[in-house]
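Can you make the complete structure from the sequences, with help from the hints?
Residue numbers (the working numbering), protein chains in the order written: chain A, 38 to 400; chain B, 38 to 400; chain C, 38 to 400; chain D, 38 to 400.
The hints are simulated quantities; they were obtained by calculation from the structure and are not laboratory data. Only a predicted model underlies this, so the values are computations on that prediction, with no experimental measurement involved. Heads up, none of these hints are tricks.
List time: in silico DSSO-like cross-link candidates among lysine-lysine, alpha-carbon distance up to 30 Å: (1) K124/C <-> K399/D; (2) K399/A <-> K124/B; (3) K124/A <-> K399/B; (4) K362/D <-> K399/C; (5) K399/C <-> K124/D; (6) K362/B <-> K344/B; (7) K362/A <-> K135/A; (8) K362/C <-> K399/D; (9) K135/D <-> K124/D; (10) K124/C <-> K344/C; (11) K124/C <-> K135/C; (12) K399/C <-> K135/D; (13) K124/D <-> K344/D; (14) K399/B <-> K362/A; (15) K135/A <-> K124/A; (16) K135/C <-> K399/D; (17) K135/C <-> K344/C; (18) K344/B <-> K135/B; (19) K362/C <-> K344/C; (20) K399/A <-> K135/B; (21) K399/A <-> K362/B.
There are 4 protein chains.
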Amino acid sequence: MSSTYGDNLKLSIFGQSHGAGIGMILDGIPAGLPVDLDVLQAFLNRRAPGQNVWSTPRKEEDRPEFLSGILDGFTCGAPIAAVIRNKNTRSGDYDNLKDCPRPGHADYTAQIKYGGFQDAAGGGHFSGRLTAPLCIAGGLCRQWLAERGITVAAHIAAITGIRDTPFDPLNPEVNAVRSEWPVLNAEAGAEMRAAIDAARMAGDSVGGIVECAVTGLPAGIGEPMFGGVESRIAQIVYGIPAVKGVEFGDGFAAATLRGSENNDAFTVTEGEIRTVTNHSGGILGGITNSMPVLFRVAVKPTPSISKQQQSVSLSRGEIQELTVKGRHDPCIVPRAVPVAEAAAAIAIFDLILGSTRTDRRKP
Amino acid sequence: MSSTYGDNLKLSIFGQSHGAGIGMILDGIPAGLPVDLDVLQAFLNRRAPGQNVWSTPRKEEDRPEFLSGILDGFTCGAPIAAVIRNKNTRSGDYDNLKDCPRPGHADYTAQIKYGGFQDAAGGGHFSGRLTAPLCIAGGLCRQWLAERGITVAAHIAAITGIRDTPFDPLNPEVNAVRSEWPVLNAEAGAEMRAAIDAARMAGDSVGGIVECAVTGLPAGIGEPMFGGVESRIAQIVYGIPAVKGVEFGDGFAAATLRGSENNDAFTVTEGEIRTVTNHSGGILGGITNSMPVLFRVAVKPTPSISKQQQSVSLSRGEIQELTVKGRHDPCIVPRAVPVAEAAAAIAIFDLILGSTRTDRRKP
Amino acid sequence: MSSTYGDNLKLSIFGQSHGAGIGMILDGIPAGLPVDLDVLQAFLNRRAPGQNVWSTPRKEEDRPEFLSGILDGFTCGAPIAAVIRNKNTRSGDYDNLKDCPRPGHADYTAQIKYGGFQDAAGGGHFSGRLTAPLCIAGGLCRQWLAERGITVAAHIAAITGIRDTPFDPLNPEVNAVRSEWPVLNAEAGAEMRAAIDAARMAGDSVGGIVECAVTGLPAGIGEPMFGGVESRIAQIVYGIPAVKGVEFGDGFAAATLRGSENNDAFTVTEGEIRTVTNHSGGILGGITNSMPVLFRVAVKPTPSISKQQQSVSLSRGEIQELTVKGRHDPCIVPRAVPVAEAAAAIAIFDLILGSTRTDRRKP
Amino acid sequence: MSSTYGDNLKLSIFGQSHGAGIGMILDGIPAGLPVDLDVLQAFLNRRAPGQNVWSTPRKEEDRPEFLSGILDGFTCGAPIAAVIRNKNTRSGDYDNLKDCPRPGHADYTAQIKYGGFQDAAGGGHFSGRLTAPLCIAGGLCRQWLAERGITVAAHIAAITGIRDTPFDPLNPEVNAVRSEWPVLNAEAGAEMRAAIDAARMAGDSVGGIVECAVTGLPAGIGEPMFGGVESRIAQIVYGIPAVKGVEFGDGFAAATLRGSENNDAFTVTEGEIRTVTNHSGGILGGITNSMPVLFRVAVKPTPSISKQQQSVSLSRGEIQELTVKGRHDPCIVPRAVPVAEAAAAIAIFDLILGSTRTDRRKP
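Rendered as structure tokens:
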């Protein structure tokens, strides 16, 4: 009902930021799918903090232990379970967060929903740390998609107002963004880093946009209405903390076009049905049309900033100034790049597993 | 798996544009909730075509017949089932749509997925007509939310580039948009209508943006991760044909702000915890914070246009020019306004039904 | 959450005994599956009342109207919706059932759960009449299983203590029970009818047992733990009113055997792996082993009897004698035979649709 | 889809018999529910092997580590995750089980379903060992039910043909069966132990029946049709390995009664509505009527026996004699007693969490 996702596979995520551990169960995966744990670890490292100077210096080793579901390098049909031990476990008194909630965080809403019983340390179950198990599941699905010739790749599309070159919608450069700083335009990338530095110096933070592409998808994946590719990707992507917008293809820009501009004309290329443009982001009626699937994700600026902010004391019912201690990531957008890929990979693999696409053809 | 929605309530929608009928089952609703069928019909009429000169002249009476679930003006605990008979049932040969798919429509993806067995007439199950049963369910949920003091209201935020006055995020004018043409700024509304007329004269169409607000929600509604308010609303809203973007609060604009600008400071007003601004759209960590929930929906321009377009003949594997016959709605944004309200009402009522918000308070 | 079934397909059933109509939506069915409505009607007629002298004389025509999902004799990929109009719609005052509940019926529990808002007429949503839409869905699944060489057939295994010849567990006589009175042993069948007649003359009713077999199933269908064939069949079969027991293979009798007696030795027959006996009912670890699946269903005696019974007046809080009016079916077991087949067919087709059985083989 | 259960709570179980560990995630539990880990451990010990001379001597310490979801003795709203490390991890070559499957086990069906990729050691994911995480979840639910005055208790109703005194259906002796050997009649208990000893001496095994009672349930719990108490309990109980039958109230015996005998007359006792008898097992129309819920579970004899048995070599396609090595539990029925309690507690707590019972009363 909450930390569970999937119609055909079942992903269940657990953990609190400063609890004993975090992890996931991924059920419903057929046996015999290959698993390369080194490839998975490289994927997880892209999300990990402390990988570069721009992210928080707290260094965690997000190395999952697999307790079940994988044998001799293949899925064995049993649910896949993985655990990551937390190094920075709970210590100290976090009850002040329950009384004086941080603006932009879930402290207040958790207090109301859970009546003070929630684990407030480090955001508890609402911490961005929970994206690590999401990346375990997503990293696995990404491998299984790759085996079918499907690539999921994302880049930083923007930090504040600084924009990277967007993906070519007809032929997204999915292999061009594997550098440490995932952008297509190195110059824009340098500007982004400068903007992040400036924010950090000011005790502030910045947000941005992630653009994700999925190539190699056959036509016919996705279900009508609430089971469409957009519905399924949006549901899981909005499960990533700090996401406030998701759009497919031209998205909000499509709202300013005329139909004659926005409709993608069909054509035939080397015997394959294609579209001349790709305003739709590869999805018509919720179902893939074999063109690249493209979506963008708006990430708000990290709410944890060192500047003093106005909050309230819930117990006293009055305004109270708050200074959040510790060093925080002034921009989580780079780390959100693999997380968006993970989310998309899970959603699409789930749809592929349960696809009702028929093999029959009407005579 | 597809035309089914809900974690606590279960909404199942059926029908094809030119089939015998369309309708829905809404299961899991407690007994004893009042139902006012006149209020519901007024809501459905807002979605119906032919209500004004700007929409398609085909006049249908979307008057549902309730077959079960309602007795003496109250829900009776049994699943609620409603059917709308189609007046314009299937006639003529639509097989040409299977061979020569309309750009921007689901004709091609349906052909691939369903192997030619799909009902191609009028878009079949992918028709916008299927939003009528969505509005039956949503209109009911809207009544049950209203009974709890929760209001769901939307307006046309933009047609092409012409923008209405946005909702005040702290106090959205939910009662100000009930006119036939749902805008806050009459002047902008007149410009929008002119733009739609111009598109129609050109045999073309336009898109736009719908902005929706939910007021009166208590804090603590929504579940963490994939069960958050954003995840649940986005999943159902993307089930509406032609939607290509969904954003909450400041959405994509939040990506350009600094944390100190985007964080909503807490304050106390008449003993109630509030925020000074509402960049978050009333949602923190996926859970309501008692501020108005705000989201915007990007609607692409209607793909059905009378201009000639390039398509392909699937059987011959070559390009073919296509002219879509019949008169079509040059802009579906006004009709999408109640549909967005319906979708939000269903998502939120579903979350309220299953809320795990605790009544206990830690000592 | 209640009248909805299925992991891969989604079946949603609606209706009240004396409401406007009853029906179902069956979603998630691939396109291109053939539908023979005459075969379906013949199946539904086996469940219908008034088909013979032993059942209630109220004659209903359970002829469903399909509103969507079927086109030109094939599924079209859209949800399948069917409605049966009720002839005997609500009339008169049934509020006495709310105050003086019938023993053995859901009148009292419905009153508590629904607070008096429930439709009490004829049992409302709890009526055996709701098995008609179950048979629509099940009759369709049965056809689609038959297309794959899978047969689902049941017979009356017992009425009170009178027992029919049981199915041969290795080779159940699934084609031998298609007579009007579905038994293998005509003599036992005649005794059963005499027992039912005797009960009716006494203003009383009798129960019995239905035995169901599924043949032609490949090995490897079913999921571990809660997704096993037994779990899935039991869940849906217990949705049939009056069912109080479900057992597979030797069932309760297996509890009296030793392991050496109950284990089914493997053997090879014409190159196929088989078992020498079939105590397990074709299921090991929740998964089919290619032997016939066998289960038995205990049906309690019809609670509606004309004899005077002791009930209570809920409003007065005191004992009250009750005489149930109208003519009732003294034994519903014969009509439960096709319903059990329908339930099994739905459960198995659902499992087949979502089967995670792998096509790969470990080198 | 398989090792996942629940409509309102979500239970996900993982592990293989000889893998690194087994465990569970229990999601959807409200915050603030008390957890007593000592009470839980005592419950788990009832299921553990080696607790007495009648069960397998392999001694495991089933002491779960909780990684999330519990804080300071209360649920904190986050998913509850628990892990038990396996002591006897995989070693040796179990591939012979893949080629020569044990009769009565899931070896063969797993081989077909998982193509040889499955973990065959000790039965892998099909091992009875997986009931340990089921008991973690069930032990917690049992505590939360106890807090509401609801007791779940079971006893050995029979071993082979030796029967314990059955529960009094009107007032089951739920507090009388807490001894090491859970029976009501000590003499019958002694006979059962002798029967188990005799089977062990013969290199054989025996089965039996568990009877479970739930007292203190209010009326109105359960949903109609497939969400009824019987459907929900049966689904989860059939997830326990070796279960072949489940019946409620009089179950199969009800099939031999007349309606006038089987209907439970209503009465009023100290102002409360009760029934004079309890043939229905506390459930009418799938919904509790406030009388004790009673069900019985048939457990087949342990398939692992030391006697030589006939199997086949799958690779050679011919019959092969098989002797299963190691010492095995000659009777798992005593250990199934707490497992049945756990299953019932989970099913009922799930239903309580999502109950649509209305608080309103029709005027």
